[in-house]
Structures are given as structure tokens and as C-alpha cells.
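Chemist: Everything in the sequence shown is counted per UniProt numbering, starting at 1 for the first residue and increasing by one.
No lab work stands behind these hints, which were simulated from the structure alone. Do not take every clue at face value.
[Claimed, not checked] Each computed BS3-like pair below joins lysine-lysine, with the alpha-carbon atoms no more than 25 Å apart:
id: 1; residue 1: 250; residue 2: 238
id: 2; residue 1: 245; residue 2: 230
id: 3; residue 1: 185; residue 2: 86
id: 4; residue 1: 41; residue 2: 233
id: 5; residue 1: 205; residue 2: 158
id: 6; residue 1: 185; residue 2: 205
id: 7; residue 1: 250; residue 2: 41
id: 8; residue 1: 250; residue 2: 205
id: 9; residue 1: 185; residue 2: 155
id: 10; residue 1: 233; residue 2: 185
id: 11; residue 1: 150; residue 2: 205
id: 12; residue 1: 205; residue 2: 238
id: 13; residue 1: 205; residue 2: 230
id: 14; residue 1: 245; residue 2: 205
[Claimed, not checked] If you anchor each label on the Cβ, the simulated ranges turn out as follows:
id: 15; residue 1: 140; residue 2: 242; range: 31 to 37 Å
id: 16; residue 1: 40; residue 2: 92; range: 34 to 40 Å
id: 17; residue 1: 100; residue 2: 230; range: 30 to 36 Å
id: 18; residue 1: 181; residue 2: 140; range: 22 to 28 Å
id: 19; residue 1: 39; residue 2: 94; range: 30 to 36 Å
id: 20; residue 1: 204; residue 2: 234; range: 19 to 25 Å
In this text, all values refer to a predicted model and were calculated from it rather than measured experimentally. Ideal Cβ positions, reconstructed from N, Cα and C, are used throughout, including at glycine.
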Amino acid sequence: MAVSALRLGAEKLFEMPAVLRRLSRCQSTSQAFAEVLRLPKQQLRKLLYPLQEVERYLAPDRRQDLHLRIFNPSPEDIARAESVFKATEHNRIEYVSSAIRMDHAPDLLRPEVCFIGRSNVGKSSLIKALFSLAPEVEVRISKTPGHTKKMNFFKVGKYFTVVDMPGYGYRAPEDFADMVETYLKERSNLRRTFLLVDSVVGIQKTDNIAIEMCEEFALPYVIVLTKIDKSSKGHLLKQVLEIQKFVNTKTQGCFPQLFAVSSKCNCSLSTSQFSPAVAAGHHI
Numbered sequence: 001m002a003v004s005a006l007r008l009g010a011e012k013l014f015e016m017p018a019v020l021r022r023l024s025r026c027q028s029t030s031q032a033f034a035e036v037l038r039l040p041k042q043q044l045r046k047l048l049y050p051l052q053e054v055e056r057y058l059a060p061d062r063r064q065d066l067h068l069r070i071f072n073p074s075p076e077d078i079a080r081a082e083s084v085f086k087a088t089e090h091n092r093i094e095y096v097s098s099a100i101r102m103d104h105a106p107d108l109l110r111p112e113v114c115f116i117g118r119s120n121v122g123k124s125s126l127i128k129a130l131f132s133l134a135p136e137v138e139v140r141i142s143k144t145p146g147h148t149k150k151m152n153f154f155k156v157g158k159y160f161t162v163v164d165m166p167g168y169g170y171r172a173p174e175d176f177a178d179m180v181e182t183y184l185k186e187r188s189n190l191r192r193t194f195l196l197v198d199s200v201v202g203i204q205k206t207d208n209i210a211i212e213m214c215e216e217f218a219l220p221y222v223i224v225l226t227k228i229d230k231s232s233k234g235h236l237l238k239q240v241l242e243i244q245k246f247v248n249t250k251t252q253g254c255f256p257q258l259f260a261v262s263s264k265c266n267c268s269l270s271t272s273q274f275s276p277a278v279a280a281g282h283h284i
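Take the sequences, apply the hints, and build the full model.
Modeler: Right under this line is the structure:
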């Protein structure tokens, strides 16, 4: 159940002396993550487990009909994920190319994970945060909705490719439907789709179109709540419960794990609990 899993993850995290000793031997741990581990416990919990404040409302043990589970990476999981996203001589992270049609897309053999969502939901900002340990990689972001007009492909070492999709809704590219639907339907090496939903407004009609495409093509996908710092605890709980009900009653391919990220995701600290999920996504 969600509550017991979340509590177990937090308890494991706060075996702090043992955790610090193990991580001190992990050369891939960045200075940023080392700073995270030195934060006061309350701040650390809030950063790594952003939904913990509302977790007691999500899936009490007596309710067997609720299946939403919160993803709870251990510090070791986060350190391993950082090694995947850290650019080194032997782990090149780089922009590959862009495409407006599938026949323009690069022919890549490695698995792919893609990010999709409404315009201005925070896709490019989140990808930029994931690449914070590879600062030479340029991920263009803008305050203007609809800035991303093409599918942008980024190589993550020997592991997988990250694809930043154009946003749907306001100022979406005219050929958005053909571009994105064809990609989702035909890209054989697509392993997981991360569907970003604004926590302030919840699932919208335009989000339902993307969800229907993932369901129709039998794709494994995950819902990511963005901008959680802009929602009050009560409002965030309302949105999480509504999504929980939606996932359980209206979807077949949506993974039960729900992710939450801040709009202030301008460094690896803000995505510490999310990067292991992306790193693991290419195995699915």
C-alpha cells in the first residue's frame, strides 16, 4: 500500500549515519546531492518525499481498492541515477537532433522515454533540471506557452534517449496531432511516457486526448504532477485524490506511481526523487 511503502522509504532514508557512510564511498554522488543529505531532516523529507504531507489521506491500509503508490527511491537509488545523468568522458549526454515528422526523427537503437503535456506545463524545465549535471546540454525553455515546436532528442550516455515533445493546447504546432500521435504509435523503442499535469488545474480535456492516445496504443505511461509549490496542501491533496480515482477507474496502461515536482526545478536537488524513475523507465 502507498502509506506503508512511503513510510518504509522515509525510514530507510533517515538511517542517516549508515546512509552517509555508504554514499561517501559512491564517487558518482554530486556535491549538490551531498548538500541535500546535510539538510535538516524536515527539509530533507519535504524535498525527497514531496507528497508525504498528504500521504496519510491517499491509501490507508484498510482500503484495498486504492492502488496508487508513491515512488520512494532510497539515497543509493538517487546516487545511481545521478551517475546516469552525469556527463563524463565515458557517459556523453548531448542533444542529438529535432524533428517535425517521424521520417525526420533520428534512427536510434537505444530505448526512449518521452515527456508530453500541455503547453507551459513544465516539460522543458524538468528535462533541463534532469540534465543539470550536464550543463553543456542546451535545453531551451521559455515563459511563453508553446515554445517547443519540434520533437527534441537527447542522448543519455549508453542508456537511453530522452524526447521532449511539443506541448498540446495553446499555441500547439498545427501538425501536433500527426507528429505526436505517429510517434507514440510507431516508435518501437519507446519504453515509457511521462505525462505532465499541472497540479494547479489538474487533468484537463486536452490531457484526456494524450491519455486516450497512450491507452489506445497500449503504452506504459506515468502521470507527473508539476508546480506543486504553487498549490496549497489542501488543493494538492484534492488533485492527488482526483487523479488517484481517475487512474484506478479510467485507465489500463497508467502506472500507479504518481510523481510530484516543483516549478523551481532548476537544479538536481529539485528532481532528486524523480530522476531514478526516469533512469529506470527505459527498462520497461
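Chemist: To test your reading of the hints: which numbers does this structure violate?
Modeler: Going through the list in order, the structure violates hints 3, 5, 7 and 10 and respects the others.
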